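S.K.: One letter stands for each residue in the lines below.
Number of protein chains: 2
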Amino acid sequence: MRRLNTADDGFEKAFARVVDQRRETADDVAQDVRGILGTVRMRGDAALAEYTARFDHHDLATPDDWRIEAGACEQAYAELDAELRDALDLAAARIRDYHTAQLPEDRDYTDDAGVRLGAKWTAVDAAGLYVPGGRAAYPSSLLMNAIPARVAGVERLVVVTPTPHGKINPLVLAAAHIAGVDELWRIGGAQAVGAVAYGTDRIARVDVVTGPGNAWVAEAKRQLYGVVGIDMVAGPSEILVVADGANDPDWIAADLLSQAEHDPTSQSILITDDAKFADQVEDCVDLQTSTLSTAKIARESWNANGVIIVVRDMAEAPALANRLAAEHVELAIDGPEAMFAHIRHAGSVFLGRNTPEAIGDYVAGPNHVLPTGRRARFASGLSVLDFMKRTSFISVSDEGLAAIGPAAVTLARAEGLPAHAKSVELRLK
Amino acid sequence: MRRLNTADDGFEKAFARVVDQRRETADDVAQDVRGILGTVRMRGDAALAEYTARFDHHDLATPDDWRIEAGACEQAYAELDAELRDALDLAAARIRDYHTAQLPEDRDYTDDAGVRLGAKWTAVDAAGLYVPGGRAAYPSSLLMNAIPARVAGVERLVVVTPTPHGKINPLVLAAAHIAGVDELWRIGGAQAVGAVAYGTDRIARVDVVTGPGNAWVAEAKRQLYGVVGIDMVAGPSEILVVADGANDPDWIAADLLSQAEHDPTSQSILITDDAKFADQVEDCVDLQTSTLSTAKIARESWNANGVIIVVRDMAEAPALANRLAAEHVELAIDGPEAMFAHIRHAGSVFLGRNTPEAIGDYVAGPNHVLPTGRRARFASGLSVLDFMKRTSFISVSDEGLAAIGPAAVTLARAEGLPAHAKSVELRLK
Chain A
1 MRRLNTADDG FEKAFARVVD QRRETADDVA QDVRGILGTV RMRGDAALAE YTARFDHHDL
61 ATPDDWRIEA GACEQAYAEL DAELRDALDL AAARIRDYHT AQLPEDRDYT DDAGVRLGAK
121 WTAVDAAGLY VPGGRAAYPS SLLMNAIPAR VAGVERLVVV TPTPHGKINP LVLAAAHIAG
181 VDELWRIGGA QAVGAVAYGT DRIARVDVVT GPGNAWVAEA KRQLYGVVGI DMVAGPSEIL
241 VVADGANDPD WIAADLLSQA EHDPTSQSIL ITDDAKFADQ VEDCVDLQTS TLSTAKIARE
301 SWNANGVIIV VRDMAEAPAL ANRLAAEHVE LAIDGPEAMF AHIRHAGSVF LGRNTPEAIG
361 DYVAGPNHVL PTGRRARFAS GLSVLDFMKR TSFISVSDEG LAAIGPAAVT LARAEGLPAH
421 AKSVELRLK
Chain B
1 MRRLNTADDG FEKAFARVVD QRRETADDVA QDVRGILGTV RMRGDAALAE YTARFDHHDL
61 ATPDDWRIEA GACEQAYAEL DAELRDALDL AAARIRDYHT AQLPEDRDYT DDAGVRLGAK
121 WTAVDAAGLY VPGGRAAYPS SLLMNAIPAR VAGVERLVVV TPTPHGKINP LVLAAAHIAG
181 VDELWRIGGA QAVGAVAYGT DRIARVDVVT GPGNAWVAEA KRQLYGVVGI DMVAGPSEIL
241 VVADGANDPD WIAADLLSQA EHDPTSQSIL ITDDAKFADQ VEDCVDLQTS TLSTAKIARE
301 SWNANGVIIV VRDMAEAPAL ANRLAAEHVE LAIDGPEAMF AHIRHAGSVF LGRNTPEAIG
361 DYVAGPNHVL PTGRRARFAS GLSVLDFMKR TSFISVSDEG LAAIGPAAVT LARAEGLPAH
421 AKSVELRLK
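Sequences listed follow chains A and B, in order. Numbering-wise, the first sequence is residues 1 to 429 according to UniProt numbering. Numbering-wise, the second sequence is residues 1 to 429 according to UniProt numbering.
Warning: the hint list may mix true and false statements.
Which copy? The list can't say, so a pair holds if one copy fits it or any two copies do.
SDA-like mimics (lysine to any residue), calculated; alpha carbons at most 25 Å apart, straight line [said to hold, decoys possible]:
1. LYS120 x MET314
2. LYS120 x LEU385
3. LYS120 x PRO104
4. LYS120 x VAL233
5. LYS120 x GLU425
Simulated from the structure, these hints should not be mistaken for laboratory data. Source: prediction; values computed, not measured.
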């Protein structure tokens with residue numbers, strides 16, 4: 001953990017190091033992934049079977065080895081502990097509500113020149129959702145990806161997920177049942193992304209691929225960008241907590257640890273104007289860490305990537321927050337709206353002392369798939385728009401053409417495109 | 001030009017070939033581009049000067065060699081022929097109006113559980129627009145990229161454009177003046193994209209890069225996706241014209257040629273239910289081509305990539321159009337709305353006999369930067385959204401936390417994330 005103070009001489013340099021720090025995997029996996037994608041494209045299902053045997057130790061032999069049927073998902077849901085089932089149902093309902101309110105409106109209007117203009121939104125035909133196996137096999141993540149796709153109107157929802165040594169996470173199956181997933185394939189890694197992007201004999205291709213994954217999965221999505229649509233390439237999770245001394249240090253420590261426990265590469269940053277409060281939070285982090293089952297990861301993350309910044313005045317916080325452009329930003333202060341008005345770059349903002357980030361991970365409703373690694377400067381969290389596209393349309397009346405056609409002819413000629421000009425001129429006569 | 005008929009036995013196979021045809025450059029430029037980007041990142045302005053001397057035969061020595069100042073753009077605008085100036089002004093005003101109406105609305109509401117939720121849209125701080133030199137140095141293209149960025153609220157608008165042998169296109173400068181570009185740098189190619197994405201001593205980095213370019217530029221954007229936001233990677237232009245026999249074949253021929261004249265890799269497709277009309281259009285294309293200054297390109301494109309599909313019934317058209325997912329779709333029929341309702345995948349649709357695609361290239365208002373190469377299945381045309389991002393926000397009251405907090409605790413525990421659970425539990429006490 002590093003501790004900085006905006007009053008120190010070396011602050012700007014030290015803060016710039018925090019901003020520029022690369023926590024993303026440095027492994028050059030690009031070459032590997034290129035090879036895997038090429039092989040899947042060429043050899044299809046046979047390649048999938050080979051990679052899955054090698055990487056996941058799972059044999060794709062019978063149809064049951066390839067796919068998990070809807071019945072198995074329904075059963076996993078039915079067998080859930082009632083409290084857990086209710087929690088998943090509540091999360092799903094709230095995610096559904098928030099994303100339904102997000103649906104874009106079509107436009108259709110005729111302007112003063114008599115030209116009818118508009119835009120029509122439609123869903124993609126099919127979406128592929130990657131769900132990781134192992135440590136990050138989160139049912140909440142499946143809901144956060146699948147429900148927006150469903151709300152957008154996607155007709156075919158395909159999940160790919162590795163089942164290492166054949167093991168399946170029943171929570172993920174239950175979430176697939178709730179979200180109404182259409183197909184669930186037991187494949188993972190770059191090969192799974194390639195399979196749904198290109199299509200194979202067994203698996204029809206999709207139009208968009210979303211969902212978290214390891215470095216291979218992320219690189220596969222990056223390489224296939226353009227072949228399919230993708231959500232943002234995701235990096236390690238991060239939180240910035242802006243908290244004054246009036247907070248309970250134990251609450252703020254828990255918030256910082258809730259990011260740290262995700263992964264050793266996660267980052268938790270506290271900005272406060274109270275040095276004594278900073279000390280207290282530091283102590284609470286140490287104390288709480290020892291009680292966590294995720295202590296090892298949380299400690300590694302906090303030690304390597306944790307930062308406490310003591311500012312002279314909270315008015316310094318928004319500028320620092322905008323440079324960090326963090327995935328999650330908590331404003332644990334009174335009247336957080338005033339500061340929020342100055343926050344330009346953030347994935348999601350949690351207003352007030354009573355809104356821990358974890359509430360957004362599960363049940364608040366907004367998406368928890370958010371831009372990381374300072375990408376909030378230009379990217380947004382996952383939404384129904386990632387599963388939709390807009391078709392603009394134009395209809396020109398005789399009067400409309402008379403009003404704007406001559407200018408089009410002039411510009412086409414100036415750009416040296418005579419057929420463009422002629423297509424308008426013929427209609428002007 | 002190929003001619004297909006849906007009544008023929010071999011139609012499905014032949015049509016699938018049209019759909020799957022790759023018209024994009026097969027050159028493997030990825031390695032080159034990787035080298036250029038790495039060099040620009042490491043050596044900055046010195047690398048830019050070397051590449052610009054080598055590829056553009058332009059010496060970046062004095063500040064005037066590097067940048068074109070606002071005064072020069074204003075002068076180019078003032079010196080325009082009045083008709084051309086008025087045409088550019090009309091185009092700019094109409095593009096501005098359409099994109100202003102496109103601005104998204106923020107959301108802020110409190111739901112039944114007492115949880116305040118919302119989303120706030122903000123512009124990126126800085127955008128870089130690539131404007132090609134040579135054949136495709138189109139002022140309309142500059143307007144179509146720069147105006148949405150301005151409307152979105154981008155504060156710093158940077159244009160990069162190569163000036164081969166020092167030559168500058170005054171139309172592009174005039175368009176830069178109209179759009180209010182802040183900086184105009186005389187660099188091009190992958191090196192220019194790298195310069196604005198990474199930043200150099202002279203050029204501050206931007207957050208989003210858009211604009212058309214050759215294969216090197218497109219590949220540079222693809223490789224930098226994630227470092228910056230980008231618009232869709234663009235391929236050759238294409239048009240699909242759906243026209244019945246009641247059209248003037250000369251009009252439809254001009255429409256087909258208005259795509260063909262862009263580039264030998266462009267594609268023009270006609271779908272009609274009238275074989276005799278198809279013959280007439282074919283004749284008109286030949287006749288008109290001979291009169292065009294762009295005849296060589298148009299002929300090459302039409303011969304290599306042109307397609308006429310005769311359908312038994314116009315009801316067959318939408319399904320074919322959706323599989324082609326073309327950049328531009330003209331519906332030159334009576335009552336085009338009925339067919340438009342069945343068009344799911346298209347970049348932009350031109351309704352009725354009186355709406356040539358070229359009107360959309362210049363003055364209609366909607367953006368002419370549209371998804372190509374069947375990407376309309378998942379991508380949209382350029383819009384203000386490409387220069388903005390959405391920050392979701394959450395504020396939970398005591399009652400709200402009591403209502404949804406316990407479910408968050410349950411889910412966090414189920415996912416093995418105890419610090420997540422604790423951050424909520426502490427506040428529930």
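S.K.: Now tell me, hint by hint, if it's right for this structure.
M.R.: Do the hints match the structure? See the list:
1. Taking the closest pair of Cα atoms, LYS120 and MET314 come within 25 Å of each other only across two copies (22 Å); inside a single copy the shortest separation is 45 Å, beyond that limit.
2. Within a single copy, LYS120 and LEU385 get their C-alpha atoms as close as 13 Å, and across copies as close as 15 Å, so both meet the 25 Å cut-off.
3. Taking CA atoms no more than 25 Å apart as the test, LYS120 paired with PRO104 passes in both settings, with 9 Å inside one copy and 15 Å between copies.
4. Taking the closest pair of Cα atoms, LYS120 and VAL233 come within 25 Å of each other only across two copies (22 Å); inside a single copy the shortest separation is 27 Å, beyond that limit.
5. In the homo-oligomer, the alpha carbons of LYS120 and GLU425 never lie at most 25 Å apart, since the shortest distance is 29 Å inside one protomer and 45 Å across protomers.
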